[in-house]
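In this text, residue positions in the sequence shown follow the UniProt record's numbering: the first is 1, and each later residue adds one.
Incorrect hints may have been included.
[Stated by the list, open to error] Under the rule of at most 20 angstroms between Cα atoms (straight-line distance), these lysine-lysine pairs were calculated in the PhoX-like manner:
#1 137 with 72
#2 124 with 137
#3 122 with 137
#4 174 with 226
Derived from the structure by calculation, the hints contain no laboratory data.
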Amino acid sequence: MCESNHIERLPELVIPEQLPVLYQDEHLVVIDKPAGLLVHRSMIDRHETRFAMQMVRDQIGQHVYPVHRLDKPTAGVLIFALDAETARLMSEQLENHQIEKRYLAIVRGHLNGQGEVNHPLKEKLDKIADKKARQNKPPQEAVSFYKSIQQIEIPVAVGKYPTARYSLVTLHPKTGRKHQLRRHMSHLRHPILGDVNYGDNKHNRFLRESCNFPGLALWSHQIKFKHPYSERIISLQCELPSRFVDLWQQWGLDNTTIKHLWSNWWPV
1 MCESNHIERL PELVIPEQLP VLYQDEHLVV IDKPAGLLVH RSMIDRHETR
51 FAMQMVRDQI GQHVYPVHRL DKPTAGVLIF ALDAETARLM SEQLENHQIE
101 KRYLAIVRGH LNGQGEVNHP LKEKLDKIAD KKARQNKPPQ EAVSFYKSIQ
151 QIEIPVAVGK YPTARYSLVT LHPKTGRKHQ LRRHMSHLRH PILGDVNYGD
201 NKHNRFLRES CNFPGLALWS HQIKFKHPYS ERIISLQCEL PSRFVDLWQQ
251 WGLDNTTIKH LWSNWWPV
């Protein structure tokens, strides 16, 4: 069990030399991206020297095209196309909301039931990377679905309450705005743990220092799409990150039960 006065050296987010490949054919390759790895080079993180795009390219021996993005702190399923035409076809699916993505997250508080978050979001611009982008755009449509899997209460005071309450949730973004799930959960007042931009600093610190959980508690668990040429439906999922498993064990949760609860849920 996590304790508020228990502080020890934090585990590092380790980037493996070889990225796990979940699927590969002559048109696509799908990997399990570890947390802490950028998809591609960024002006914001100039100090970084390793990127998923370059690592996959070197690993399979050919150029790759990212179909979508995952934030640096988010682990999970990531699709690359192996040629420009496949990238274009997959981008069309993405724009038409035909690629379904499901995430697992741990959020602050007890989030009940399931529902839809229809909350438009202002485009997030970076002062360095987006200097030439149009300013003051109107909010963009942003829709997410959520479902609570299990609620946890820990007998440790974090902030003004005598106990700490958390929820395991599955999340499905219908649209693909920047930081959409993180911003929507914050909008519901159930921010994702470990989120330094939209989260709760007290709970982030507790998770980091007392539970030895580094990074963001958000994981891209599963993706489903139509193959651009064969048109068959491909559904892929990756293994639970060990840091999630370790945290659940600290909290006394049954991993088998949790897997069963989220394994068959897709929003309508």
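Outcome of the hint check:
1. 137 with 72: violated (25 angstroms)
2. 124 with 137: It holds: about 10 angstroms lies between the C-alpha atoms, which stays within 20 angstroms.
3. 122 with 137: Holds, because 7 angstroms separates the two Cα atoms, which is no more than 20 angstroms.
4. 174 with 226: holds (16 angstroms)
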